[in-house]
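Chemist: Produce the entire structure from the sequences given, and follow the hints as far as they go.
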Amino acid sequence: MYNYIFRTTKKQLHGWYVPEDNPRRECTAERLLINPYNGCSVGCFYCYARALPGNFEEFHKENKIFVFNNFPEVVEEQISSLLVASCGYLSPVTDPFQEIEKKEKLSQKIIKIFLNYNIPIEFITKCEIPKDVIELIKPSFNEPRDSCKKHCFGQISILTVNEELRKILVPHGASVE
0 MYNYIFRTTK KQLHGWYVPE DNPRRECTAE RLLINPYNGC SVGCFYCYAR
50 ALPGNFEEFH KENKIFVFNN FPEVVEEQIS SLLVASCGYL SPVTDPFQEI
100 EKKEKLSQKI IKIFLNYNIP IEFITKCEIP KDVIELIKPS FNEPRDSCKK
150 HCFGQISILT VNEELRKILV PHGASVE
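First residue of the sequence shown? That's 0 in the working numbering, and the numbers climb one at a time after it.
What the hints contain is simulated information worked out from the structure, not anything from laboratory work. Don't take each hint at face value.
Said to hold, decoys possible - Restraint-style ranges between C-beta atoms, simulated for each label pair:
1) E142 to E98: 31 to 37 Å
2) D131 to N2: 35 to 41 Å
3) L51 to I167: 18 to 24 Å
4) E72 to I167: 36 to 42 Å
5) S139 to A50: 38 to 44 Å
6) F44 to L82: 38 to 44 Å
7) E98 to E134: 17 to 23 Å
8) N62 to S174: 19 to 25 Å
9) E98 to L164: 18 to 24 Å
Unchecked claim - PhoX-like, lysine-lysine: derived pairs with alpha carbons at most 20 Å apart:
10) K63 to K101
11) K149 to K111
12) K102 to K63
13) K101 to K111
14) K104 to K130
15) K148 to K137
16) K60 to K101
17) K108 to K137
18) K137 to K104
19) K130 to K148
Quantities reported herein were computed from a predicted structural model and do not represent experimental measurements. C-beta: ideal position from N, C-alpha, C; glycine also.
Modeler: Put into structure tokens, the structure is as follows:
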């Protein structure tokens, strides 16, 4: 069982965002890295985030997942001030479609924001991709030629087709069935 802690955030997108009060860019990443949750309910036994400090450390000690409920607004504000952005990488440290996403839909809201600014988004998940998200990023036949949707993609990471082994490796990931 996981405890969900709701917080507002002052987090900044990692990548090309340059805050007005600090014109020094901290990172020159080719992608904007966006983590709407700290902590993950998927339960991968090999997860490298177990070694991360702060909220991730609290997650591993006390099963607390931090939900940054104002994060879509923070992302919108920061993206609106960008001069250049190649693409966004949604939730590189935690799964964007873990259980809490069904209720909070932070990942889906962030995808919509990126698309509104015509910035492609990518993600990798071990969970089922919601149909609404597939519809959001799927380009249509009559999509404008310069639409970012032609460069959006999602990936599902499947470690094994053996269901018993999957339950050990990724207890709360999607089944291949």
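Chemist: Confirm or reject each hint.
Modeler: Verification of the hints:
no. : hint                    : result
1   : E142 to E98: 31 to 37 Å : holds, 32 Å
2   : D131 to N2: 35 to 41 Å  : violated, 27 Å
3   : L51 to I167: 18 to 24 Å : holds, 23 Å
4   : E72 to I167: 36 to 42 Å : holds, 39 Å
5   : S139 to A50: 38 to 44 Å : holds, 42 Å
6   : F44 to L82: 38 to 44 Å  : holds, 42 Å
7   : E98 to E134: 17 to 23 Å : holds, 21 Å
8   : N62 to S174: 19 to 25 Å : holds, 23 Å
9   : E98 to L164: 18 to 24 Å : holds, 21 Å
10  : K63 to K101             : holds, 17 Å
11  : K149 to K111            : holds, 15 Å
12  : K102 to K63             : holds, 16 Å
13  : K101 to K111            : holds, 16 Å
14  : K104 to K130            : holds, 13 Å
15  : K148 to K137            : holds, 6 Å
16  : K60 to K101             : violated, 24 Å
17  : K108 to K137            : holds, 16 Å
18  : K137 to K104            : holds, 18 Å
19  : K130 to K148            : holds, 16 Å
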